[in-house]
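Chain by chain, the residues run as shown.
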Amino acid sequence: MKRLQYMSVRLLQGLAALLVIATANFLLVRAAPGDPVSIMAGEAGASDAQFVSQLRQQFGLDQPLPTQLANYIGHILRLDLGYSYRQQQPVTDLILDRLPATLLLTGTAFALSLALGITLGALASRNAGRWVDSAVTVVALVFYATPLYWLAMMAVLLFTVQLDLLPAFGLFTVGADLTGVDRVLDISRHLVLPAGTLGLFYMAVYARMTRASMLEVAQMDFVKTARAKGLAPGRIQSHHVLRNALLPVVTLAGIQAGGMIGGAVLTETVFAWPGIGRLMFDALLQRDYNLLLGCFLFTAAMAVLFNLITDLVYTLVDPRIDLG
Amino acid sequence: MKRRNLLQAGSAALGLSIAGVPLHSLAQARKGVVNVLVQPEPPGLMMGIVQNGPTQLIAGNIYEGLLRYNDKLEPQPQLATSWTVSPDSKTYVFKLKRNVKWHDGKPFTADDVVFSCDVFLRKTHARFRASLVHVESVKALDPLTVEFKLKQPFGPFMGIFENGTMPMVPRHVYEGTDFLNNPANATPIGTGPLKFKEWVKGSYIHLVANENYHQAGVVNVESVYFHVIPDAAARAAAFESGKVDIAPGGTVEYFDVDRLAKLPGAAVTTKGWEFFSPHSWLWLNHRAAPMNNVKFRQAVWTAIDREAIAKIAWYGFAKPATGPFNSHIAFASDNVAKYPRDVDKAKKLLAESGYKGEKLRLLPLPYGESWQRQAEIVRQNLAQAGIKIEMVATDVAGWNQRCNEWDFDLAFTYVYQYGDPALGVGRNYTSENIAKGSPYNNVAGYVNPKVDQLFAAGAREGDPGKRRAIYLEAQKILVDEVPVAWLHEINFPTLYRSRIQSIVSSGIGLNDSLGRVKLA
Numbered sequence: 001m002k003r004l005q006y007m008s009v010r011l012l013q014g015l016a017a018l019l020v021i022a023t024a025n026f027l028l029v030r031a032a033p034g035d036p037v038s039i040m041a042g043e044a045g046a047s048d049a050q051f052v053s054q055l056r057q058q059f060g061l062d063q064p065l066p067t068q069l070a071n072y073i074g075h076i077l078r079l080d081l082g083y084s085y086r087q088q089q090p091v092t093d094l095i096l097d098r099l100p101a102t103l104l105l106t107g108t109a110f111a112l113s114l115a116l117g118i119t120l121g122a123l124a125s126r127n128a129g130r131w132v133d134s135a136v137t138v139v140a141l142v143f144y145a146t147p148l149y150w151l152a153m154m155a156v157l158l159f160t161v162q163l164d165l166l167p168a169f170g171l172f173t174v175g176a177d178l179t180g181v182d183r184v185l186d187i188s189r190h191l192v193l194p195a196g197t198l199g200l201f202y203m204a205v206y207a208r209m210t211r212a213s214m215l216e217v218a219q220m221d222f223v224k225t226a227r228a229k230g231l232a233p234g235r236i237q238s239h240h241v242l243r244n245a246l247l248p249v250v251t252l253a254g255i256q257a258g259g260m261i262g263g264a265v266l267t268e269t270v271f272a273w274p275g276i277g278r279l280m281f282d283a284l285l286q287r288d289y290n291l292l293l294g295c296f297l298f299t300a301a302m303a304v305l306f307n308l309i310t311d312l313v314y315t316l317v318d319p320r321i322d323l324g
Numbered sequence: 001m002k003r004r005n006l007l008q009a010g011s012a013a014l015g016l017s018i019a020g021v022p023l024h025s026l027a028q029a030r031k032g033v034v035n036v037l038v039q040p041e042p043p044g045l046m047m048g049i050v051q052n053g054p055t056q057l058i059a060g061n062i063y064e065g066l067l068r069y070n071d072k073l074e075p076q077p078q079l080a081t082s083w084t085v086s087p088d089s090k091t092y093v094f095k096l097k098r099n100v101k102w103h104d105g106k107p108f109t110a111d112d113v114v115f116s117c118d119v120f121l122r123k124t125h126a127r128f129r130a131s132l133v134h135v136e137s138v139k140a141l142d143p144l145t146v147e148f149k150l151k152q153p154f155g156p157f158m159g160i161f162e163n164g165t166m167p168m169v170p171r172h173v174y175e176g177t178d179f180l181n182n183p184a185n186a187t188p189i190g191t192g193p194l195k196f197k198e199w200v201k202g203s204y205i206h207l208v209a210n211e212n213y214h215q216a217g218v219v220n221v222e223s224v225y226f227h228v229i230p231d232a233a234a235r236a237a238a239f240e241s242g243k244v245d246i247a248p249g250g251t252v253e254y255f256d257v258d259r260l261a262k263l264p265g266a267a268v269t270t271k272g273w274e275f276f277s278p279h280s281w282l283w284l285n286h287r288a289a290p291m292n293n294v295k296f297r298q299a300v301w302t303a304i305d306r307e308a309i310a311k312i313a314w315y316g317f318a319k320p321a322t323g324p325f326n327s328h329i330a331f332a333s334d335n336v337a338k339y340p341r342d343v344d345k346a347k348k349l350l351a352e353s354g355y356k357g358e359k360l361r362l363l364p365l366p367y368g369e370s371w372q373r374q375a376e377i378v379r380q381n382l383a384q385a386g387i388k389i390e391m392v393a394t395d396v397a398g399w400n401q402r403c404n405e406w407d408f409d410l411a412f413t414y415v416y417q418y419g420d421p422a423l424g425v426g427r428n429y430t431s432e433n434i435a436k437g438s439p440y441n442n443v444a445g446y447v448n449p450k451v452d453q454l455f456a457a458g459a460r461e462g463d464p465g466k467r468r469a470i471y472l473e474a475q476k477i478l479v480d481e482v483p484v485a486w487l488h489e490i491n492f493p494t495l496y497r498s499r500i501q502s503i504v505s506s507g508i509g510l511n512d513s514l515g516r517v518k519l520a
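Sequence order for the protein chains is U and A. Numbered by my numbering, the letters in the first sequence go through residues 1 to 324 in order. Numbered by my numbering, the letters in the second sequence go through residues 1 to 520 in order.
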């Protein structure tokens with residue numbers, strides 16, 4: 001009951017935050033020079049007053065700003081994200097179209113980075129001070145410090161151009177028309193490089209966090225007690241130390257998860273992965289207001305949601321934590 | 001043996017496959033399939049409504065115009081087989097080809113031509129409207145004959161039938177509908193050698209061969225895929241790794257073009273841009289000092305090292321411009337004053353102009369790395385002559401906005417000249433074309449009544465000899481007054497696999513040649 005009450009309060013707070021975010025974004029995108037009409041007129045290579053006024057009317061830009069804002073908020077409250085005049089499709093369709101690809105990429109990278117990061121961090125902390133620890137720390141530092149764009153391009157150069165081992169562009173092999181298991185395998189092959197490069201950065205973060213956290217927890221009294229009781233060292237590490245050390249990792253994971261939807265722009269751009277990050281970036285360059293605002297709102301909603309989920313996960317990991 | 005070849009040979013021998021597709025055939029291109037880069041992804045494929053570059057690259061193979069143009073811009077029959085011009089140059093009669101079918105099987109007739117010109121394009125196509133003002137009437141004399149009557153002779157009239165200026169659209173799909181919002185815009189129907197198959201947004205566009213194309217033996221490809229790869233370096237890697245076969249001009253940075261053209265099996269051509277004749281220059285905003293002073297403008301043009309820019313920024317794929325006319329268009333002449341680079345002369349002109357050393361804002365064209373480099377070189381050149389420049393940071397939308405609203409001192413641009421001064425040059429120098437809202441009209445704000453008069457006379461004149469004299473005079477005046485500092489004729493290089501033949505078969509290049517390529 002208490003949990004339900006807590007969740008309802010948090011959800012209402014989240015909705016209020018989203019409304020403020022939507023309004024602020026609406027005003028913010030119009031602050032940038034240029035608008036979708038001038039872009040389309042510029043791309044056409046020629047334009048006249050009739051062309052421009054036709055487009056303005058079609059895009060709804062000929063109305064005064066407060067009217068446009070009121071219309072927009074009204075649509076948001078009805079869960080209607082609007083229409084992208086440039087792409088001639090409803091914004092919701094465009095976002096949902098790209099959502100599976102993004103979730104696949106960031107979800108895989110997330111799982112990979114978490115699994116690998118925690119494992120390496122635990123390994124390093126167990127062997128603290130020895131060469132295994134140094135190796136893990138150096139590897140983590142390298143992947144943390146290396147710019148993601150460079151890492152991605154190097155991966156493409158090595159694995160696709162030089163070695164021809166893995167495909168680097170897109171979601172699947174265009175024109176092969178594969179179905180079933182073959183399609184799954186094809187997509188998996190295309191997923192290796194993008195998910196790998198994206199995952200390696202966060203792996204570094206989790207590895208360092210886990211190592212530091214575990215080292216700290218290993219000093220605590222209850223660990224000494226467990227050792228005194230005669231429990232196996234392995235069991236102490238996995239059941240006592242790791243579980244208690246995971247809280248900071250959960251925090252970081254929650255932040256990463258919240259940023260999952262829109263945060264992979266660089267990776268999606270280099271690997272031509274048809275995700276939402278790229279959709280947002282293109283919408284920004286084209287000043288496609290409705291699409292851009294729709295993406296912003298969607299990613300903000302995801303961030304709010306994952307914030308809530310992270311707080312709930314805390315209680316699962318550590319029953320001592322009290323909600324509210 | 002290269003790793004790639006080893007893998008191929010090994011996998012072929014072992015009958016290995018990945019994802020069910022035999023490895024060795026994945027590695028080489030499949031027969032009859034051509035992969036092309038497109039950048040950026042077009043907003044739409046209905047060529048009557050959307051006229052930007054990527055749309056024309058793709059939809060130019062779906063839609064056709066009445067005529068096609070070769071690399072000398074001479075009209076060739078396409079949907080029209082022959083034409084006659086009346087002695088007073090005011091009546092043009094076109095005979096249409098028999099048995100042409102739209103992609104949905106319906107017949108193409110003169111009624112489609114009348115509808116396209118008089119109703120559809122009149123509403124949607126800004127550039128065509130500028131030519132349409134000269135037309136008094138369009139009539140279908142019979143199902144295979146169309147008559148255009150002009151108000152007065154219009155010199156470039158035979159040059160406006162290209163499929164980007166006047167695409168034929170199906171009347172039976174669009175008549176009586178809201179053109180801009182017709183759902184058929186998502187599945188374009190034309191008469192061209194390729195048909196629309198599929199568009200996976202963000203990934204690729206798929207066109208297939210039109211088996212019922214009205215010219216036999218022309219369509220030799222099965223499928224053409226246009227891949228959307230948003231990063232420039234990734235596009236170069238895609239060509240290098242064999243994922244794409246054709247990189248149209250502008251999709252790969254110039255420093256990569258040089259390198260990729262040297263790969264085995266790769267080739268490069270600069271043909272296919274004769275109709276568009278891209279011309280680049282530096283706008284000078286005449287509404288503010290010192291740009292309104294002719295000596296200052298002459299100083300700017302004299303200070304810029306066009307040869308060095310062509311070599312360094314464009315890797316040789318550009319030719320320094322001598323004036324307002326691109327050398328490919330009709331009536332271009334280099335019998336005009338020359339302004340070779342001369343820093344001392346520039347300094348002298350600058351002193352005479354009364355320039356007081358104020359900082360001027362330079363708006364670069366943010367289309368890619370090569371344009372940025374050009375901007376940097378120009379800034380250095382101008383600094384050497386004593387002109388202080390401040391670069392404005394901008395993206396494409398910002399550049400559009402600032403040009404539209406005249407919010408700049410100096411700004412880079414390039415435009416297409418469409419083969420004729422009346423179609424693509426006059427709009428930049430005549431006073432009637434001064435209007436906010438477009439980056440392609442007389443953005444500089446240059447006013448010279450004599451120039452206005454010359455361009456008006458040239459458009460109305462039917463006789464080529466008289467037009468040549470008129471435009472020569474106009475070019476001489478413009479080169480003396482330097483309303484803008486002309487930079488280069490850009491020769492966009494198209495990278496392709498050398499096994500693809502006839503890659504460019506017209507003056508608009510890939511835009512209507514992709515359906516006609518032959519794969520060796």
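Calculated from the structure, these hints are not laboratory results. Bear in mind that the values here come from a model prediction, so they are computed numbers and not experimental data. Hints may contain errors.
[What the hints assert, rightly or not] Okay, the calculated beta carbon distance ranges per label pair:
{"#": "1", "chain 1": "U", "residue 1": "Ala32", "chain 2": "A", "residue 2": "Ala337", "range": "41 to 47 Å"}
{"#": "2", "chain 1": "A", "residue 1": "Thr145", "chain 2": "U", "residue 2": "Pro66", "range": "51 to 57 Å"}
{"#": "3", "chain 1": "U", "residue 1": "Arg30", "chain 2": "A", "residue 2": "Ala267", "range": "56 to 62 Å"}
{"#": "4", "chain 1": "A", "residue 1": "Ala267", "chain 2": "U", "residue 2": "Met154", "range": "41 to 47 Å"}
{"#": "5", "chain 1": "A", "residue 1": "Val200", "chain 2": "U", "residue 2": "Arg30", "range": "49 to 55 Å"}
{"#": "6", "chain 1": "U", "residue 1": "Ser188", "chain 2": "A", "residue 2": "Lys101", "range": "42 to 48 Å"}
Every residue gets a Cβ at the ideal spot worked out from N, C-alpha and C, and that includes glycine.
Here's how the hints hold up against the structure:
1. U:Ala32 <-> A:Ala337: 41 to 47 Å: holds, 42 Å
2. A:Thr145 <-> U:Pro66: 51 to 57 Å: Given range 51 to 57 Å: holds, Cβ gap about 56 Å.
3. U:Arg30 <-> A:Ala267: 56 to 62 Å: violated, 47 Å
4. A:Ala267 <-> U:Met154: 41 to 47 Å: violated, 28 Å
5. A:Val200 <-> U:Arg30: 49 to 55 Å: violated, 31 Å
6. U:Ser188 <-> A:Lys101: 42 to 48 Å: holds, 43 Å
Checked against the numbered hints above, the structure breaks hints 3, 4, 5 and satisfies the rest.
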